[in-house]
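Novice: Given next are the chains, with one letter for each unit.
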Amino acid sequence: MAIFLQLIASGVAVGMIYAAIAFGYQLTFATSKTLNFGQGEALALGALFGLTLVPIVGYWLMIPLVLVFGFALGAVVERLGVRPAVKIKSEYGWIMATIALGIIFRNVAENIWGRDDLKFPSPLPEAAIQVGDTRILPMELLIVAGALLMMLAVEIFNRKSIWGKAVVATSNDIDAAGLMGINTQKVITLSYSISAMTAAFAGVLVAPVTLTGATMGAVLALKAFAVAIIGGLESGLGVIVGGLILGVAETLTGFYISTGYKDVPGLILLLVVLSIRPVGLFGKAVIKKV
Amino acid sequence: MAQSTLAPAATPAAAPRLGRHVGLLGAVLLVVFLAAFPHVVTSSYYIHLLVVIAIYAILILGLDIVVGYTGQVSLGHAGLFGIGAYSAAVLFLHFKLGLWSGLIAGTAVTSVFGLLLAVPALRVTGPYLAMVTLAFGTIIQIFINELTPLTNGPLGITLPPARVLDFSLIGMSSPWGAAGRKLEFYYLVCAALLLTIVVVNRVVRSPFGRAFEALRDSPIACDCMGVSVYRYKVYAFVISAALAGLAGALFAWSERYVAPNSYGFELTVLFLLAVTMGGRKSRAGPLIGSAIIVMMPNILADIELVRMMAGAIALAALVVGVRAFLRRQENRYAILVPVVLCVLFLPATLALQSVTDFRLTVFGLMILFVVYYLPDGIVGFLRDKIPALRPAHTAEGRVLTAQGAALVAQRGGADADPLLKIESVLMQFGGLKALAGVDIAVRPGTIHGLIGPNGSGKSTMMNVLTGIYIPTGGSVTLARDGGMQRLNGRTPSEIASAGVARTFQNVQLFREMTALENVLVGLHHTFKGTIVDAIFGTPRRRREEREARVRAVAILDFMGLGGLAQVEARNLPYGKQRLLEIARALALDPVLLLLDEPAAGLTAPDIADLTAIIRKIRDAGITVILIEHHMDVVMGLCDRVSVLDFGHKIAEGGAREIQKDPKVIEAYLGSPVSDQEPAHA
Amino acid sequence: MITLKRRVLLGALVCTTFAAFPAYAADPIKIGVTGPYTGGSSAMGVSMRDAARLAAAEINTAGGVLGRPLLLVERDDEAKNEVGAQVAQELINKEKVAATIGFINTGVALAAQRFYQEAEIPVFNNVATGTIITNQFKEPDYDANYVFRNSAYDVLQAGMMVDEALARNFKKIALLADSTNYGQLGREDIEKYLATKGVKPVVVEKFNIKDVDMTAQLLKAQQAGADVILAYGIGPELAQIANGMAKLGWKVPMITSWPSSMQSFLDIAGANGNGVMMPQTFIEDQTLPKRKSFLENYYKTYGVSKIPTPVAGAQGYDSVYLLAAAIKQAGSTDGAKIRAALENLNERVEGVVTTYEKPFTAKDHNAITRNMVVFGKVQDGKIVYAKEEDAKNAGVVRVKEKSAN
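Residue numbers (the working numbering), protein chains in the order written: chain A, 1 to 290; chain B, 1 to 681; chain C, 1 to 405.
The following block holds chain A by itself, in its conformation from the complex (with noise of 0.2 Å):
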């Protein structure tokens, strides 16, 4: 029993950092019907560039650093990859310019910050922190608290301020919300925006505990697709869910079959949602119109 709570802790915490990913995944899609491919590469280099600024500013005030960095990213993946390819109607072309994009920063970064994973330094003690029978890291502790305090950010920033209230229109039909006189353009931009800031924010949040380097966020951010279907890509608490059924089901299938096949579980589940309810476990079946 004891392996076991020790098994799930350990899950959750990979588990919410899937969220918090899959949650910018849910951003863009909302208002463009898009998504950036190249997610991962804007968790790597927010994490990259916090590294770099850790030691001039200290940990603290390197977070809304992070944040604006995050920020002017996501405007310039949706600039360069996504609007073109908008407005030519052409899916296959944000696809790829998004998946070109991520390429094209993962070398850059690879180049500037080099090719090996570098630590990171953790703000609050290593040493874990016994709890009944299960340790766990104080990192953990806040890469969950973090995440939380972020989705919840964003949800309020969308209900309260008036350009949330425009993110929200765009998202029920663009089409009205531009006729009401909202600029769905910017407001695009602004979910893109809003979008990388959340994955550099969970880039941070996660490398002390993982490494931090160009790749870090490859297979974190297919993995927090897996999470976005699963849960559903218009579902808010359906990413937590889906986060956290991932994170858990990884780290048991890690420990009772083999760790070979810890990613298995997660894309299987990925596959069987999509062909049995596309819209996932949480999401509102749409009508389709004619």
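Honestly, the hints are just simulated from the structure, not real lab data.
No more than 25 Å apart at the CA atoms, straight line, and that leaves these computed lysine to any residue pairs for SDA-like:
1. Lys-87(A) - Asp-384(B)
2. Lys-94(C) - Ile-303(B)
3. Lys-87(A) - Met-366(B)
Pulled a few chain B residues facing chain A out of the computed Cβ check, cut under 7 Å:
4. Val-119
5. Arg-123
6. Val-124
7. Gly-126
8. Thr-138
Each residue gets a CB set at the ideal place from its N, CA and C atoms; glycine is no exception.
Got chain A; can you put chains B and C on it based on the hints?
Specialist: Relative to chain A, chains B and C alone:
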């Protein structure tokens, strides 16, 4: 995207003949090139390079079926490639079976996996599909790595030199000596490539290829033409997978070492780049794309060459940019960023000692460039500039003369009364009742009008009748073969096959296909040939194609579109597009034709033509249900009219009675006592 | 359409061929250098390449070989098998190299070196350790083996790791290895060697490259009551094992394969890495003049204070000297003659790992023997000699044992 609406009409007339010759000439040159190459360039390095290019080209030709023809983004082809390679290698590892068994197994096993991949892929498109295929590829890689007893795990499998022809079996020594033996594998790969080109060519020009394109351009219309989107997506995936498997098996025997980490994400992206960069929907495109991706690392390893190329690119970008600004093109600010980036590329390469470190950046920039400036690839670009290179759309059966009747006398059950019975149909979306128990009986050989203000449920009714929506309650039955056939609960393509054809309120043509091809998709039901017929070009297949084309031209003539047969649908004027939709629906040989606002957006003379055509259709024995807002059209044409309002049928009768019905007037103009504005005219 | 394809292809072929033969004043001897200079194992590849550059520059300054300068033709194999195979063919057929050094990744070596074997060009593995590498083309199936190596191969490392564990009286061995070719081959070697000692590991687990959470594997080891961990992997993942133990609050000694001396291990594991032991051919000390000058030269040339992967650097450096000596003895760049010279090298080659005296014979293509390898130990971010007697004898050059393996 400004389009000169009718300009292409002139060129395709000339292009087919030239295009046909260019294709043939290209094929001959390719054969000569492949045959002569090892005798001119004897270096085994270049021969091997060409083998790799040819193997990739086989895969990319298959990928083009999925990406170019069905318009789906697959990130799983590296996985399929890996399955093919491992099928061949595992056969050798465990059973010591050689090249030929490997090729067969690679193709067969991978086809099965293509089928497996198609299951989740069927229900999704776009980003979902991209992720499904990516997940599939990742799973394949994990399993190859983990199933050590089967695949030898991360250690990989080493193969001996491939033995293509075993002369010792017949007690002979090789007639072309040891030197020639080394080339056996090369020629085998060349043969496989040529075979692939022929097969892909035949498949994409067959009804299968048209179905692939149709489901890309409009899945809904495709289903409503009786061409099941699901089934043809599966076909596309399986054919594509089979070719990927063949390529994989060849690759295993060419490299003679397979390992799990060779078939990852980067390879998949490379394949996609090749298919787009070379040019979708062509045979030359994948060949060019494959050559580029195989040689790219070699070129990038050479800094001098890269600098020269960067210079050329910077110059070209400068020219494009300056021209855009001089001509004040609308997109001049949009292209500013890439132009500046392209120009900056030159000093960047000059500053660098080696580009190897930035290989992936170059790779990414190439993708961006292709996506935005060469969306149709190199071949597409050349076709755009040189009309002679354009494909001959009607390559086979160039018959453009009509023969026989356009409209076929209707099939059994057409005289049953009523033909279509709609009984208390209920369609509920959440709390909203779009149709609240509607009964309509449509009599055979009539034009039945369906009118009502916006939001009254007319389009919902159309979608219920054609199976796009499954009604929450009630039943829809069609008189067929002496009995009544239930339509509700069946798929759109089944309903279409039962004899119900439709047009769409917002035009749903197959945009990248010519008018003729659009009608040929409608005639899909006349093709009985299988995929085998398509691949081998059997007499049956050729006969069916000829007959269908003759018939299609007859239908186009009937609709007054004969002169536009070779124009791509997207280039037709709006009015003609609407007529083409009707032509396509007629090709289905329906008993019942549903027209959804056919006159919307038409000019007065066009409407007059349309009215005459609809009458002729009715006179040919086809029952018509007409949704229309032009009251004069409705009143002039309809034998009987049903009026819907808020999901209820509020009136039914002859056109004249309806016009006087107070309930109808109220629905359209609002209650006489209230001050509501007229809802609609 | 297809005509154009042909033109593009030919054009590119012509371009690459043309660019490959720029005019050189003194016709240089081309040596291929293949390794991953990008991607996950690039730290090793780059250290090897940079040190090889130093060696070549030194040799050229001293007048080259056979009066001709050495020219290193560097190609990135990206640690990918198929790229490695393509690079091999390019180096052989296009660049016409006299020999090639390199290969960091065992899988790449296995995929690519058959081309050298077929072309009868010596290929010199200076980092990859898979035992099978030098056995791929052994007699009697092949007349001559063109694959040489100056890295500590797996059987050798495995033996040292196991012997160390058993010497320290550990009974319950947990064996962890990464899922690559490298890790799995190493695991096999350790298991085989353990079997000869009549020991069975209490748990055998694997982990993937880039894994950051080793909780599952370590919990299994802990459950099984392991008292020592033998780990076969590269820097970052080995570091995660050390970190994972710290997280679980479970500490047993850890003996790993050589890459825990990589800088990435030291950075990532930090204090958790202290005490981890690994077999090393080279420890970054300046005990010998040759080592001193090599290290100083490296630091100065590349503006660093530490070689990212010292072992890879040292072996890469030595491999160039060994090859140069063989070419000199062969008096030609003919592959078969260089191979023959390597198998019977008369010159004493002073390297930084050791001084090579008859490093190879026709049967034995491994230059490193067990006595040349010492145990290193992580101590506060540095690799030091794990054993006092090794530290004391650091200045003593250990030459090849006659009856080695």
